[in-house]
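Q: Sequence lines, in order, name chains Y and U.
Under the numbering used here, the first residue of the first sequence carries the number 916, and numbering increases by one thereafter.
Under the numbering used here, the first residue of the second sequence carries the number 916, and numbering increases by one thereafter.
Hints should not be assumed to be uniformly reliable.
Which copy? The list can't say, so a pair holds if one copy fits it or any two copies do.
[Claimed, not checked] Below, simulated SDA-like cross-link-like pairs (lysine to any residue); rule was C-alpha separation at most 20 Å, straight line:
#	residue 1	residue 2
1	Lys1004	Met959
2	Lys944	Gly965
3	Lys987	Asp935
4	Lys987	Glu961
5	Lys967	Gly983
6	Lys967	Ala990
7	Lys966	Ser1005
8	Lys955	Ser1005
9	Lys967	Leu980
10	Lys966	Pro979
11	Lys955	Gly993
12	Lys987	Ser975
13	Lys939	Pro979
14	Lys966	Thr977
15	Lys1004	Cys992
16	Lys987	Pro938
17	Lys987	Tyr936
18	Lys967	Val937
19	Lys987	Lys1004
20	Lys967	Val986
21	Lys966	Gly993
22	Lys939	Asn958
23	Lys966	Leu947
24	Lys939	Glu1006
25	Lys939	Lys966
Hints are computed from structural coordinates only; laboratory data are not their basis.
There are 2 protein chains.
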Amino acid sequence: FSVMGVNTRPISTQLHAAADYVPKEGEGKINLLIDLESPKVANMEEMSSGKKVFCRCWLSGTFPLCDGTHVKHNAACGDNVGPLIVTVKSE
Amino acid sequence: FSVMGVNTRPISTQLHAAADYVPKEGEGKINLLIDLESPKVANMEEMSSGKKVFCRCWLSGTFPLCDGTHVKHNAACGDNVGPLIVTVKSE
């Protein structure tokens, strides 16, 4: 992609990446609650032992950890989302 | 909650839990792709070292791991969801 020999990337690879992306029927915003001002909400978690339960419904009051709100969301919206449970196994 | 002295739980605590739950404006199904037949999609992951990047947009082709599809989803829907990155730190 070059203009007059100058390699110009599209404004944002996000937009470029989206050009060929067709949203699924019913696909809309997932995050209605968490850090809405942030361009992208990614979380880094370090673990050395034990188990943590992480939210994937974007509605938890203890985000990024799960607080069970997905049960209410699923019942209200006919969804089936649940958490990610990560356990550290000592080698 | 009892009927003729017999303690009967509501059909499903999910429905009971949802009775007081008011979905946010725009809150609809999040999962349009993954194990749609399952009543609830929870994933258990064991880690002993290293780093894993987990999907939270429910659109990854490598679910429960992230494959970057959230970038296309965010651009198409004006969302800002991103992955969970878990790193195991040796004690």
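Q: Each hint: holds or not?
A: Quick rundown of the hints versus the structure:
no., hint, in the structure
1, Lys1004 / Met959, "both (19 Å within a copy, 12 Å between copies)"
2, Lys944 / Gly965, "neither (33 Å within a copy, 31 Å between copies)"
3, Lys987 / Asp935, "between (34 Å within a copy, 9 Å between copies)"
4, Lys987 / Glu961, "neither (29 Å within a copy, 27 Å between copies)"
5, Lys967 / Gly983, "within (13 Å within a copy, 23 Å between copies)"
6, Lys967 / Ala990, "neither (24 Å within a copy, 30 Å between copies)"
7, Lys966 / Ser1005, "both (12 Å within a copy, 15 Å between copies)"
8, Lys955 / Ser1005, "neither (32 Å within a copy, 29 Å between copies)"
9, Lys967 / Leu980, "both (7 Å within a copy, 16 Å between copies)"
10, Lys966 / Pro979, "both (14 Å within a copy, 17 Å between copies)"
11, Lys955 / Gly993, "between (26 Å within a copy, 10 Å between copies)"
12, Lys987 / Ser975, "within (11 Å within a copy, 24 Å between copies)"
13, Lys939 / Pro979, "between (26 Å within a copy, 19 Å between copies)"
14, Lys966 / Thr977, "within (16 Å within a copy, 23 Å between copies)"
15, Lys1004 / Cys992, "neither (35 Å within a copy, 38 Å between copies)"
16, Lys987 / Pro938, "between (25 Å within a copy, 9 Å between copies)"
17, Lys987 / Tyr936, "between (31 Å within a copy, 6 Å between copies)"
18, Lys967 / Val937, "neither (34 Å within a copy, 27 Å between copies)"
19, Lys987 / Lys1004, "neither (31 Å within a copy, 34 Å between copies)"
20, Lys967 / Val986, "within (18 Å within a copy, 26 Å between copies)"
21, Lys966 / Gly993, "neither (28 Å within a copy, 33 Å between copies)"
22, Lys939 / Asn958, "neither (25 Å within a copy, 23 Å between copies)"
23, Lys966 / Leu947, "neither (27 Å within a copy, 28 Å between copies)"
24, Lys939 / Glu1006, "neither (41 Å within a copy, 43 Å between copies)"
25, Lys939 / Lys966, "neither (34 Å within a copy, 30 Å between copies)"
The earlier numbered hints that this structure contradicts are 2, 4, 6, 8, 15, 18, 19, 21, 22, 23, 24, 25.
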